[in-house]
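J.: In the order they appear, the protein sequences are chains H, G and D.
Number 852 in the working numbering belongs to position 50 of the first sequence; there are no gaps in the numbering.
Number 321 in the working numbering belongs to position 306 of the second sequence; there are no gaps in the numbering.
Number 266 in the working numbering belongs to position 197 of the third sequence; there are no gaps in the numbering.
Calculated from the structure, these hints are not laboratory results.
The model shown is predicted, which means the values in this text are computed figures rather than measured ones.
Ideal placement from N, C-alpha and C gives every residue a C-beta, glycine not left out.
Don't take each hint at face value.
To be clear about the criterion: a stretch of chain H counts as covered by chain D if any three or more of its residues have a C-beta under 8 Å from a C-beta of chain D, and this derived list gives those stretches [stated by the list, open to error]:
(1) 811-823
(2) 835-842
(3) 848-858
(4) 866-873
Beyond 10 Å from chain H on every Cβ pair, some chain G residues (computed) [unchecked claim]:
(5) T61
(6) K77
(7) K78
(8) D177
(9) K342
(10) A347
(11) A356
(12) A456
(13) N479
Each pair of labels, with its calculated beta carbon distance range [what the hints assert, rightly or not]:
(14) D:A565 with H:E846: 46 to 56 Å
(15) G:D21 with D:D405: 35 to 45 Å
(16) H:D828 with D:K555: 19 to 29 Å
(17) G:Q284 with H:A812: 53 to 63 Å
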Amino acid sequence: MAAISRDEVANLARLARITMSDAELDHLAGEMDVILGAVARVQEVAGADVPATSHPLAVNNVSREDVVTPSLTPAETLSGAPASEDQRFKVPQILGEE
Amino acid sequence: MSLNYDQAIEKYEPTLGLEVHVELNTKSKMFCGCATEFGAQPNTQTCPVCLGLPGALPVVNKKAIESSILIGLALNCSIAPFSRFARKNYFYPDMPKNFQTSQYDEPICVNGFLDVEIEADDGMKSFRIEIERVHMEEDTGKSLHVGGSTGRIHGAEYSLLDYNRAGIPLVEIVTKIVPNTGKYAPQVARAYVAALRDILRSLNVSDVKMEQGSLRCDVNLSLSKIGSGKLGTRSETKNVNSLRSVERAAAGEVIRQANRLEAGERIVQETRHFLEESGQTRPGRSKEQAEDYRYFPEPDLVPVAPDAKWIEELRKTLPEKPAARRKRLQTAWSVPDKEMAAMVNAELLDTVEETVKLGADPTKARSWWLGEVSRVANDRGVLPTELISVKDIAQVIALIASGELTDKLARQVVEGVIAGEGSPSDVISKRGLKVVSDDSALMKAIEDAIAAQPDTAERVRGGNIPAAGALIGAVMKATGGQADAAKVRELLLKHLGQ
Amino acid sequence: MSIRDNASVMAAALANKEISAVELANQHYEQIASVDKNVHAFLYLDKEGALAQAKEVDKKRAAGEKLSPLAGVPLALKDVMTQKGVPTTCGSKMLEGWRPPYDSTVVTKLKSAGIVILGKTNMDEFAMGSSTENSAFGPTHNPWDLTRIPGGSGGGSSASLAAYEAPLAIGTDTGGSIRQPAAVTGTVGVKPTYGGVSRYGLVAFSSSLDQAGPCARTVLDAALLHQVIAGFDPKDSTSINQAVPDVVAAAKKLDIKGMKIGVVKQLAGDGYQKGVESKFNEAVAELVKLGAEIIEVSCPNFEYALAAYYLIAPSECSSNLARFDSMRFGLRIGDDGVKGAEEVMNLTRQAGFGREVKRRIILGTYALSSGYYDAYYGSAQKVRTLIKRDFDAAFEKCDVLISPTAPTTAFKIGEKSNDPLAMYLNDIATIPVNMAGIGGMSLPCGLAEEDNLPVGFQIMSPAMKDDRMYLVGGALEAALLSKWGKPILDFAPKLAGSK
Ligand SMILES: [Mg+2]
Ligand SMILES: [Zn+2]
Chain H
803 MAAISRDEVA NLARLARITM SDAELDHLAG EMDVILGAVA RVQEVAGADV PATSHPLAVN
863 NVSREDVVTP SLTPAETLSG APASEDQRFK VPQILGEE
Chain G
16 MSLNYDQAIE KYEPTLGLEV HVELNTKSKM FCGCATEFGA QPNTQTCPVC LGLPGALPVV
76 NKKAIESSIL IGLALNCSIA PFSRFARKNY FYPDMPKNFQ TSQYDEPICV NGFLDVEIEA
136 DDGMKSFRIE IERVHMEEDT GKSLHVGGST GRIHGAEYSL LDYNRAGIPL VEIVTKIVPN
196 TGKYAPQVAR AYVAALRDIL RSLNVSDVKM EQGSLRCDVN LSLSKIGSGK LGTRSETKNV
256 NSLRSVERAA AGEVIRQANR LEAGERIVQE TRHFLEESGQ TRPGRSKEQA EDYRYFPEPD
316 LVPVAPDAKW IEELRKTLPE KPAARRKRLQ TAWSVPDKEM AAMVNAELLD TVEETVKLGA
376 DPTKARSWWL GEVSRVANDR GVLPTELISV KDIAQVIALI ASGELTDKLA RQVVEGVIAG
436 EGSPSDVISK RGLKVVSDDS ALMKAIEDAI AAQPDTAERV RGGNIPAAGA LIGAVMKATG
496 GQADAAKVRE LLLKHLGQ
Chain D
70 MSIRDNASVM AAALANKEIS AVELANQHYE QIASVDKNVH AFLYLDKEGA LAQAKEVDKK
130 RAAGEKLSPL AGVPLALKDV MTQKGVPTTC GSKMLEGWRP PYDSTVVTKL KSAGIVILGK
190 TNMDEFAMGS STENSAFGPT HNPWDLTRIP GGSGGGSSAS LAAYEAPLAI GTDTGGSIRQ
250 PAAVTGTVGV KPTYGGVSRY GLVAFSSSLD QAGPCARTVL DAALLHQVIA GFDPKDSTSI
310 NQAVPDVVAA AKKLDIKGMK IGVVKQLAGD GYQKGVESKF NEAVAELVKL GAEIIEVSCP
370 NFEYALAAYY LIAPSECSSN LARFDSMRFG LRIGDDGVKG AEEVMNLTRQ AGFGREVKRR
430 IILGTYALSS GYYDAYYGSA QKVRTLIKRD FDAAFEKCDV LISPTAPTTA FKIGEKSNDP
490 LAMYLNDIAT IPVNMAGIGG MSLPCGLAEE DNLPVGFQIM SPAMKDDRMY LVGGALEAAL
550 LSKWGKPILD FAPKLAGSK
């Protein structure tokens, strides 16, 4: 039985904001199945007593003083923008929540 | 047959939950050195970090951590010996990295409380609001919707983004559920936000300006049928932006939900928006599928693990709690309850205290700030302290005390200062408002008055002191109100052998 | 002096004013002009910027200013590092034409050392791959055999060294992207301790694994470059606030008598090419001759490293690559004035990301999603703890650990591009180092008898003890050089047009 269905992959693509054609979804569902089959073995080894390592080095409390440093100029800020207007980034209409 | 608030509350018990987002008043942003000035030109306070440019990395602002710990301490929380940032992943154009750096299962402060008082039918009633967590996160940018007729998001043709606000430090303060408030739920919600705001202001960690968005409240509310013992489904009313609206939003939700339940309908768990005009809420655009935030520990930041020493140092800097301070000042100044409440509501406690610290009499200070100055400030829609300084009011009060100004002249001085004519001394000299305290000039006026009313003068000589009023009035009139009435009375009585 | 010399030789020639930095840069541009149409190591040449920089160095030298040791030496920069005003694509359509408004810390350090940045090198898209075939701008070819891959993701950097297009290069290593390309091109590549080199300006693939490092043709050259780019950076919260070990002195020492060197049992056997194992064993014999003590060590949890890596790296990348949404920079597709931001975002990400990148984003999105987090991401992070413990135990007994760098020599372009799992196996020996955040080096140890292609030898040192791998690497390199009689690259067939 497949570990992951095409619908699940479609939902992941939606979460990841990537449009995918049906063919892409089919292909990826198959690949994901193989890859997940290979990586699932991480569940075999570590018991509940093993802590997770999210960071290779155990360092705490790195911070900076509350000091203002120069920002980019607006021209630099907008230099890579696909579109801009009135010193702001211009983007397609946002159809989200108000 | 729709239920009003009183009818709704007879059948249903509300349960509250409050989430408050506070923008900290640090000089620089949460994770970069960009300035945080309010109202700057768009995209002038941005850098690779807060724009989320490829390759940029965050570094935490130490002051923001300290402010968060202070808030936790002031709210009686435990400070976590180990806390971490996490990424909250979701896409939105005003969020540069498409994840918010926030805290998730390891927040910096947990398990606190805040006691609030409300005016109940039978006197003051106290409620303990339990705090679940206080955590750090960052604000988003701002979008401006262009085109369409409404200027709102729907119907806009495109949007313009300004990332000046992106990355400003936010602290989110989340209560546990607040049960058993009964009909007082809306008042409790308001009192909590007000008390929280006072604490944040006393800590000097935020501007706490609800109207500018530096303090924003989400009101969660559910109803359960009285006696059922079961919690209902809650709604979340987002970004309510004044104390009054917090109260109205809670009351509005009680009514709306009760009527739905009465009609046999289900309450949907959803976010709602508060409508200022009607006092009602409307549903947000519901998403067809739920977001999955896929939280995980932020690998670009290291854990925050404050040691006991650091926490104790911060604890030492905690100011007096606002409620305690209020009680102390009320006793010291002997202010009646009602006037004290007026001062607090007008947010003039600090101002009056500063004025008193400059030597002014508390009653006088209070009446100047709450009376004359507030009246003009209200008319103009500005803060009293924007009209005149504490120092100037203190000086005016001192001049009255020394007899150099009468109350009437003082009002003219204040008026002049507000009109921008300079300091009180400038106004006095420009307008020639000096009290006539020169005895010889006064004596001349007194003698004139006696000469004009010999009968009255005779009665005063004969011991009828109240009759002196007519003569004093005449002197005051002759000096154009610039004389000190007490002084005139003293000189007149002496002159007439009394 | 020729472009085939080592960086340290070029540095000496520059210091003695036998050649100017401008001449040296121009010689390299000539070589690039003649060979790069076949090798395709570079995505962008910043000739103007580089020559201006070289001129500046020459001016300072003429004025008698004290210069840093590598001043005037050219370098190739992996296209994953931001350089202000110079296109930075990460091998992706998503960033085509994007010119960052800021310098990465590594670039800042290179510039202040007077190192001349020739241009940006090709790579697997967003550093995801082991062959550089995933570049949106076409593959790079291995100078040893143009039909073969130069390793990945930093195939452009390794190929530029092997093709004498640059004597030094910068790479980044998330699961082996510096070391494996070094191995298959007969060059030297070092992944420093995590946090040893600032990541500020390195376009993130997997934040807890990524690390930039030096690529060169000799151990000493790598050490000289390491010295320039390493050190604490207040802009990177994960950078180490400690003195950088003296790697240059270590590379020059050449004395490893009495050192305890551990051979990792799990990094051999099944899946390792015969010629790779025999060249590795011959090199081990050289270490014994140099007086080192060889110990076999077991790291049982390394078996799970690859699986854990292919959960952690995709998870972090799914979040790191979320910012490529067409709103603020880079590609935008489908903005017709009617479609909403979200749809444009979706279409842009469909068009802008290649297949491998999408595969990993989807895998990572899955591993982090509610209901699967504990089983996948959470378990993988626990495996990471076990791998660290294996290293800790091994380093109690040994000063350094060794293994082959990659299980095979360079394979043919196209050979594994449709089999992700086969491709992922290339990193089997390099990944444990990244998982534990320690240092790793690859240097050439000979040519495999089956195919006459270079074999990489990996040296692993404990965190912040990067000098140890330079010490062992320097000594082994010297021993092998005297055995071979000439540098390994001299055994490579001559490239058409090469000087
Ligand atoms: Mg939040
Ligand atoms: Zn910034």
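J.: Going through the numbered hints above, which ones does this structure break? Give me the numbers in ascending order.
T.: 4, 5, 6, 7, 8, 15, 16 and 17
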